[in-house]
Amino acid sequence: MSMTMGIVVLFVKMLAVLAVLLGMAAYMVLLERKLLGWFQLRPGPNRVGPFGLLQPIADGLKMLLKEDIIPRDAERLLFLIAPALLALTTLLAFAVVPFGPDLVIGGQVIPQVISDLNVGLLMIMALSSIGVYGVALGGWASNSKFSLLGAIRGAAMMISYELPLSLALVPVVMLSGSFSLTDIVNAQQGYPFILVQPLAFALFFVSAMAESKRVPFDMPEAENELMAGFHTEYSGMRFALFFVGEYVNMVLLGALTAVFFLGGWHGPFLPPIVWFLIKIMITPFFLIWTRASLPRLRYDQLMHLCWKVLTPLALLNIIVTGAFMAG
Amino acid sequence: MVFTWLHLAILVFLFVGVAFAGGPLAGSLLLAPKERGGDVGMPYECGMRPHGGAWTQFGVNYYVYALLFLAFDVDVLYLFPVAAFYPDADGFSAFLKIFVFLFVLALAIVYFWAKGVFTWPRKIS
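These protein sequence lines are chains D and X, in that order. Straight run, no breaks: the first sequence in the numbering used here ends on number 327. Straight run, no breaks: the second sequence in the numbering used here ends on number 452.
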């Protein structure tokens, strides 16, 4: 492939991924409000456009026209970059997520992934760790007590769920023998890893729920006690960045669950990309469902769940997997 | 490490992402109203005047966890390369090595558990 051709293909892929992603994030908000409505036997948003389909656009316009307030005593620089840090790290993680098998167009092989990095899994773990700085710094820099409490909780949660999250991925790496997400999906040609690693899937799913900072693990924002937690002081477009970051993160967790455990784009009858999009939507659906039906935990309860239950289980799971593979 | 176009693609994606995030911010800078002065910039405390700033001394109840986390996270990072090579390793001795490593790791959790690190409010200071 020639140099210019490669660059054009790269940019087309990037724009496609970003457009689909941000579109999905925007409509995830509508989907959440609709589903929450149905769970509670009310219609949900239905005023803007048919079935409320234009609601995300109305929301976006509203955010755009709202004032971007910087609190008087805030640490300005950190306050300004914190939301971007959260949104960017989640967006960037999609650079290594494969959306389908290699396409062959006019004799050219075009992988449906922006960059098939051979350490993709490690990059995603690193980015998810960096994303927490957005929460911690944003909450601290606001110089508001609610925000500070939210930031403290956010950091506390991160040091708890991060271990089971990474330990749950070790068996996946053991089975596929690679860090590349494309290789991991290809290793699930015959059967998805959820069938051989149900425990790892459960651990990953619970940790991912904690990572998404949503009910039952939404202690950093906890509307009823901390107003909005770490983003109490944010308004306008900068709040929207936090918001988009959170919803893109939901899509990302859906994509990761699909890639690591549900077999990625593999599936009968339908085209691969359709299968992948369907599998992406499974995790967000459950996250919305839990929001409608579960109460909030305290953050020490989450820490104890992670350290006393999930981490030992994850270690045990690795040993059992190792024994089966050796035997 | 060799810098290839794969890494360049990630960097370019980062910049495109910045543009996607920065565009609306710039638009908001142009379109949104700007009020200055008064109590607009006051930290939000349910309408009350804030009583002192937020940056005072506060007890982070879980700092022992944070230290533990640091140690464990590095250990887990060591586990990943081993896991990637595991399918190619020769069966039983590889399993034994991983078992010893994880056993010691699990012992650490048991030790801290018995020591009372995982109780709340914390027992040791």
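Keep in mind that the hints were calculated from the coordinates and are not lab data. Take the hints with a grain of salt, since some may be wrong.
Simulated crosslink set (BS3-like; lysine-lysine; CA at most 25 Å straight-line) [unchecked claim]:
#1 X:Lys361 - D:Lys308
#2 D:Lys34 - D:Lys62
#3 X:Lys361 - D:Lys66
#4 X:Lys361 - D:Lys62
Taking the hints in turn, this is what the structure says about them:
Restraint check for Lys361 (chain X) and Lys308 (chain D): the C-alpha separation of about 50 Å exceeds 25 Å, so the hint is violated. For the suggested pair Lys34 (chain D) and Lys62 (chain D), the alpha carbons sit about 19 Å apart, so the restraint of at most 25 Å is met. In summary, the hint linking Lys361 (chain X) to Lys66 (chain D) is supported, as the alpha carbons are separated by about 9 Å, within the 25 Å threshold. Restraint check for Lys361 (chain X) and Lys62 (chain D): satisfied, since their Cα atoms lie roughly 15 Å apart, inside the 25 Å limit.
Violated hint: 1 only; the structure is consistent with all others.
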